[in-house]
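Protein chains in written order, with the numbering used here: chain A, 1 to 117; chain B, 1 to 497; chain C, 1 to 491.
Where hints are given, some of them may not hold.
[Unchecked claim] According to the in silico footprint, chain A covers these stretches of chain B (three or more CB under 8 Å from chain A): (1) 147 to 158; (2) 161 to 168; (3) 216 to 224.
Everything labelled a hint here was simulated from the structure, so no lab data went into it.
Where is the CB? At the ideal position from N, CA and C, for every residue including glycine.
Chain by chain, the residues:
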Amino acid sequence: MIGILWDNFDYAVSVLLFLIGLYCVIAKNNLIKKFMGLNIMETSVFAFIVALGVVKGGSAPIMEPGARPPFINPIPQALILTGIVVAVSTTALALSLIVRVWRQCGTIEADELRELE
Amino acid sequence: MWWQWPHWLPLAVLVPLGGGVVTPAVARGSARRAWGWAAGVSAATVAVSLALVIRVARGGPFSYAFGGWQPPYGIEFRFDEVSAFAFVVAFLGALAIVFSRQYAPHALAEPRVPYYYTLLLLDIAGLIGFSVTGDLFNMYVFMEIVSLTGYALVAISGERIAEMAAFKYLVLGAVSSLLALFGIGMLYGVTGTLNIADAASRLGAAASTMPVIVAVALLVLGFMVKAALFPLHVWLPDAHAIAPSPVSAVLSGLVVKLGLVGMLRLYGVVYASRAVDLSSLNWLLTWLGAVSIVMGAFFAIFQDDIKMMLAYSTISNIGYIVMGFGLASQYALVGAAVHIFNHALIKSALFLAAGAIIYQTGYRRLSDLRGVGRGMPLTAAALSVGAVSIVGIPPTAGFLCKWYIALGAFEAKRAAFGFALVFGALFIFVYYIRMVNAFYFQEPVHADVTHVGDPPLSMLVPVWILAALCLIMGLAGKVPLTFVAPAVSRLLGPLGG
Amino acid sequence: MEAVDVRVLLAPAISFACSGLVFLMGRNVFWRRFWSLGAASLKFVVVLSMLPAALAGKTLVWNLIEFTPGIGIAFRADALGMFFALVSSALWLITTVYAIGYMEPEHAKVRFFGFFALCVSTTVGVAFAENLLTLFVFYETLTICTYPLVIHEETPEALRAGRKYLAYTLSGGACILLGAALTYQVAGTLTLSKPGIVPASADVRTLAVLFATLIAGFGVKAAVMPLHGWLPSAMVAPTPVSALLHAVAVVKVGAFGVLRVVYNIFGVELLKRLGFALPLAYLAAFTIIAGSVAALFQDNLKRRLAYSTVSQLSYIVLGAALLTPASASAAVAHIANQAFAKITMFFAAGAIQRTTGKTQVHELGGIGKQMPLTMAAFTVASLSFVGMPLTGGFITKWYLSVGAFESGMWWFALIMVASSLLNAAYWLPIVYLAFLKGPQEVAAAPREAKPSLLVPTVACAVWVLVLGTTSDVPGMPFALARAAVEFVFKM
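Required output: the full structure, derived from the provided sequences and hints.
This is the structure:
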């Protein structure tokens, strides 16, 4: 068991990060902290997908003279670029919502907001 | 023929995407100009997606390789019978935009109106993209386009309660997207491809089934949050009830279907490859579907807010569809797939009619709306047609799914779920009859309600087009049923279903 | 022998169109009456014009639209369907005349006449349904269309009754839907054009479930005990509604459905072998007696009528369940016999209520002197229920008793005797009260109901006598019942 985890160290860490993030989303009371949990989750998934493309001893797939296989798989990296763009837009939207909630309600604590409703 | 031109497929996404982005520039601050432009763009989208539906009806599924790079290396759009959802999206989106002509300036601050149309068009573009893409990662991207615009549309009215609902929706939506992305990543890790068809063929050769099972579980979980299956529905009622009514129609009719279309795509990968046995998943889905039907109805019974009621009714209807998926027999899957389309029509009719009533009277509680059947006869009649249809009284559109899933339950030798479905539908009737009673048969509380008059034509026409379709799609039920049948046969083909 | 003929479609379509026209133009009194009466007459003529073909053994068909792959909305006027359609379209015409007079002081008349026409349309749709799904479509539509009529008064009591009505009938509809799905699974078809479609080779337990679901579904509207609870409550509706819907359309649709299940879904031979019909016969016999006993204790005239309906409907169910040719002809004939007699009584009750304001039995003393014609009609109907020769009710009882002996279960004939006695016990006191008792001073001035209420009442009573005397005359409705029975028993 330990051996499997050690061999797949990168995957295990991303799963752990994902769970930490999920915990924050569920358990934190402050909306910004909730959202930071979401950002941790995003990062963990991105790390996981990038790690999929790693080849031991591989080099960056830049086709210049002298480049020799094995290369690292570039597709996950391209995907994650897109993923980061999505994550940034989500963050922007969420933060602007939080700002507006703060302006209108004077608080961003989830339990106090529930009382306001 | 005109519909054979290959480039219609990318255009179906690009037209609303591009049209949406430039809307504020075209409008230059005028709500009227923004409406005209958005209506034109959505009409063009309807025409383009109609071409695609005609082509698939005549010649079966087809695909489009971007830049001439052939799949699995290039990016592929693939249009099959399930993708016909794109046409429903374009059509309902266009009606929602037409409906917004007077509604949007009334519900939002004037300067926001052009952005409202931008978001609606982007939402439509994302939904169309999601239903036509042949690529797992692009599914995620389109899903995020839909979700992000959805969060913003819920919040757009700027009311405090709307922003809080939008935040709740955003958090759960983002978590579900990440679950799905995790699953997509794992599938990619196992198969080394992102192309859906290619993944289906390679999955069977996967070295170990454990990662596949985890990937499927994550994707299903993600999609079911998007679809608001009980008990993952908590975000839905507030978001759908508080959004402006045309947005509610789009969210409830179309956006929740994202998860369901996604499920069909996932089935396409997993059934075809026979990589893992889905029977325990299907068992769970059937049960959750049944529970969803009953719980959705149960919560709805206690609502007084008319849009809140409609929102809970969506949860029940998602239950029908998921139950159909879980039964996994030919009839049940056809019924479920058709109900994805039909529920979109019916629920949009209901939300738009409810929106028109709220616009005219200013009330949204049933207890305030007593007697509105006298004040707004045509709108209330359309709402009643929708109510009868969603309960599944024949010969309306809602009946077909009940009939087919009941057939499917017997076919799958799980008759108990047929009973659950049909008697669960009776629960749904309980609160719709409350609505009809309040509209027609109870003493008005507010005298003004009985003589407000029907809404302007820009609202009445979309509402009645949809109400008429509730009847027509029921009588002509053969058309959608035979249309999706080949897709379902292909899905179940390897199982000998 | 089948022939495509558009009249089969026209019969339901006429009243459908009529309802649309009433909704559009009904605010004007003239147009509302014009379309209601015109459509009712036209429909009756159309259905009547199909009678010669049906008597000659020709079946008219019309396929409207393919609803789902393989199953269409299709119409087919076989002998049984013709019989039912003839009864309901004739009574629609008569009831429309009555309703125009009766509803004069009421509110929401557009809604009333619009939905009224829609109900008749769906009833004829049920009668002419070619397959079980078409039948179900019209059956459910009928449920929905009757709702606004049941709660016409819009009082809390009416709304409560309406809820009860929907709860019962929609649950029944759900059962039928499941039964239809199971039938399709077992038989691969849903057609009602054959004497039995369920294969004898099917699993017995499945067939038992199928029979139970379908009978429970139709049994709700046929008010077979213990599924009858909605019927007495629904009496809050205006009298013409109670008359047409709760003596003819709604309840008969249920009874008609039971006949279809027994004769066209299962078939007589299969049911005889399976023995499922016997419990149904016992249930029907129980309902006949228990309904009558309950009627004895009702003081409200309309409620007494309602319990009598519960009891009478089970004659039809019993006739079907005995599975003999004689009992089958009794069952079919009773669709007409009960309808005409019961509608006479409802009309009389409504006329009394409108003219004198009396609704309770104990208030009816001397009413026969005040309204002699109305009460004479009432008396004829009572005698028919008691089973006096020369009335329609006698025909039913006679053939049912013959059927009981034919089937070897003679004790069901005793049920007939007991029911006759009970009927006498709760109808004849009213007749006695009306003519022979009560305040003498009122008798001075006979004050009949207005003609639009009186004429339909008397016409129906006359027809009860016609039904009772012409059962052997060729070309009369009973010949149709015979033709239906011959088809079912392959004679």
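Enumerated hints in conflict with the structure, sorted upward: 3
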